[in-house]
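Peer 1: The chain contents come next:
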Amino acid sequence: MSEYQESVPSRSRRRRRWFEYKSQIPVSWSIFLGISIWAIFFGLWHIANLRGWAPAIILPAPPEVITALYELIVEKGFLYDIWTSVWRVVVGFAAACAVSAPLGVLMGSFKTVEGFFNPLVSAWRYVPAAALIPLLLMWLGTGELVKISILFLGAVWFLITLIMDHTKAVRAELIETALTLGATRKQVLMTVVLPAVSPDIVTSARQMLAASWTYLVIAEITAQTTGIGAMMMRSRRFIHVDEIMAGILVIGLLGLMFDLLFRLVHRLMFSYLEESE
Amino acid sequence: MYSQSDKVMLTVDRVTKEFQLNGDASITALSDMSFSVAKNESCVLLGPSGCGKSTMLRLVAGLEEPTRGAIYLHGTEIIGPGPDRGMIFQTYTSFPWLNVQQNVEYGLRLQGMGKAERAERAAHFIDLVDLTRFRHVFPKALSGGMKQRVAIARTLANEPALLLMDEPFGALDAETRWRMQELLLKVIERSNTTVLLVTHDIHEAIFLADRIVFMTRHPGRVLEDISVAFKREVKFLQKEDILTDPEYGRLDRKIMRMMRREAMVNADD
Ligand SMILES: Nc1ncnc2c1ncn2[C@@H]1O[C@H](COP(=O)(O)OP(=O)(O)OP(=O)(O)O)[C@@H](O)[C@H]1O
Ligand SMILES: [Mg+2]
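First to last, the protein sequences are chains R and X.
Going by the working numbering, the first residue of the first sequence is number 425, and it counts up by one from there.
Going by the working numbering, the first residue of the second sequence is number -1, and it counts up by one from there.
Hints are computed from structural coordinates only; laboratory data are not their basis.
There could be a bad hint or two in this list.
Cut-off 25 Å, straight-line C-alpha distance, at most; resulting in silico cross-link-like pairs (PhoX-like, lysine-lysine) [said to hold, decoys possible]: (1) 145(X) - 592(R); (2) 229(X) - 446(R); (3) 229(X) - 145(X); (4) 184(X) - 610(R); (5) 229(X) - 37(X); (6) 237(X) - 145(X); (7) 252(X) - 237(X); (8) 229(X) - 592(R); (9) 37(X) - 233(X); (10) 233(X) - 252(X); (11) 184(X) - 5(X); (12) 535(R) - 610(R).
To spell it out: a stretch of chain R is covered by chain X in this simulated footprint if at least three of its residues, at any positions, have a beta carbon under 8 Å from a beta carbon of chain X; those stretches are [to be verified]: (13) 556 to 565; (14) 671 to 682.
None of these values were measured; they are calculated from a predicted model.
From the three backbone atoms N, C-alpha and C, an ideal C-beta is built for every residue, glycine too.
Model the full assembly from the supplied sequences, consistent with the hints where possible.
Peer 2: As structure tokens, this is what we get:
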């Protein structure tokens, strides 16, 4: 009995290789790899600073940026700027989702709805939201509405198209099965199309959110008043490069946080899906 | 016209189906096809690939419209899909966001049936397809055969007048397939259902059918209406029992020759 067990080859004999097509890696590896890339990034930056590859005034060292961030938060009310920016992104992006989810699903389900809206949506998708800033500044002044509008216009057209395409990809057999089980067209929409497409809607939103941050910063830089972008433009006037970099750092961290949040929501809401990622 | 006796459930009357392709071109999938299915009968549509079997089934389900001719269920013309004709596809159609029990309850829920009654009815049909242990499992954790059993239970829970199946076991391995065929026979027996099933597997056809409607190659028509009469005296519930019956071999050879002949016509043009 025990002899037999000894003759079973141990699993460790199959060596783990660094480069294996499409195979999962242990969590410890992911963490190690993720930290490594950042260590190299900050390391190179620090070395560049120490060696004086660029004047210290336009390339401060990483610790100086951290110090600047600390001072910004403690002494200059930066948390308020961060809060303002986050609030704008959330409101503008939520509005974009609220419009694009129903519209995209209806356009993907019914050719008539697509035929009506798509000419408009396709055209607007090619207009960069930044190109509308001069117009919006004239119409809406420099208040909150202009920033939220730019954010909204930057995201909404792409979201509609993405959600429409995902809706079209819902398997016809699922819809036809529901029809032969007695579903009305409205019931098919609510009990088949919507549940089938909602994981993809959440994924599309996660991908578009990154683009939304771009439009937010553009809006804040142009209509300089409050927010992370406005703080960065103020710092530019006094050549406070460390503060500008602290702003970039915060935007990156916030982006990462929102991304993780979306992934978590996706995993919790759609746990019934086949693990594919 | 076919006789409108009480026994006739489905009547397909001179149905032609043409598909419009790009431009003026069109494909005739079915040409002037007529047959009927009696109540409690298991009728199998058999024929070479591309002869229009799936198209015929989709017409009966109401998912497509005939170009000419009409189809009647209990004498009423079919004009769209409905719960009286449940359809089971070759591909898996369990809703991934619902567990087994919720999947089976789906049609009942649409009708607005109360929770307790729904659960009771679902439990009966889940038991019928031997999935009771798995009723709280989501489809991602089910095998192909189990997913098809969910589809069968879900369709039967609706108590359709006619059960339509398009190569339901086509994607399964050989062993799972004959087990599913036996299970289907048991289920048909117990639930008194009328079945119209499409397959291109001759053995599946003989094992499951009371009657085989053999179709010509593209464009499809009825070539021969074959009665599987030898099964009337003996009920074969296990597949190996039917294999030794001399009538089985005779029918198998006959249908295989028909298949070959249809394929030869194919090679000529
Ligand atoms: N939506 C469609 N548009 C155009 N042509 C179609 C369409 N559906 C079916 N056809 C054509 O109709 C004919 C019959 O197709 P069908 O799928 O009914 O055959 P089948 O007997 O089910 O074949 P198989 O055994 O391979 O499943 C084929 O020539 C096919 O090309
Ligand atoms: Mg087919």
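Peer 1: Run every hint past the structure and note whether it holds.
Peer 2: Status of each hint after checking the structure:
no., hint, result
1, 145(X) - 592(R), "holds (24 Å)"
2, 229(X) - 446(R), "violated (52 Å)"
3, 229(X) - 145(X), "violated (29 Å)"
4, 184(X) - 610(R), "violated (36 Å)"
5, 229(X) - 37(X), "holds (17 Å)"
6, 237(X) - 145(X), "holds (22 Å)"
7, 252(X) - 237(X), "holds (19 Å)"
8, 229(X) - 592(R), "violated (46 Å)"
9, 37(X) - 233(X), "holds (18 Å)"
10, 233(X) - 252(X), "holds (22 Å)"
11, 184(X) - 5(X), "holds (22 Å)"
12, 535(R) - 610(R), "holds (15 Å)"
13, 556 to 565, "violated (count 0)"
14, 671 to 682, "violated (count 0)"
Violated hints, listed in ascending order, are 2, 3, 4, 8, 13 and 14; each of the other numbered hints is respected by the structure.
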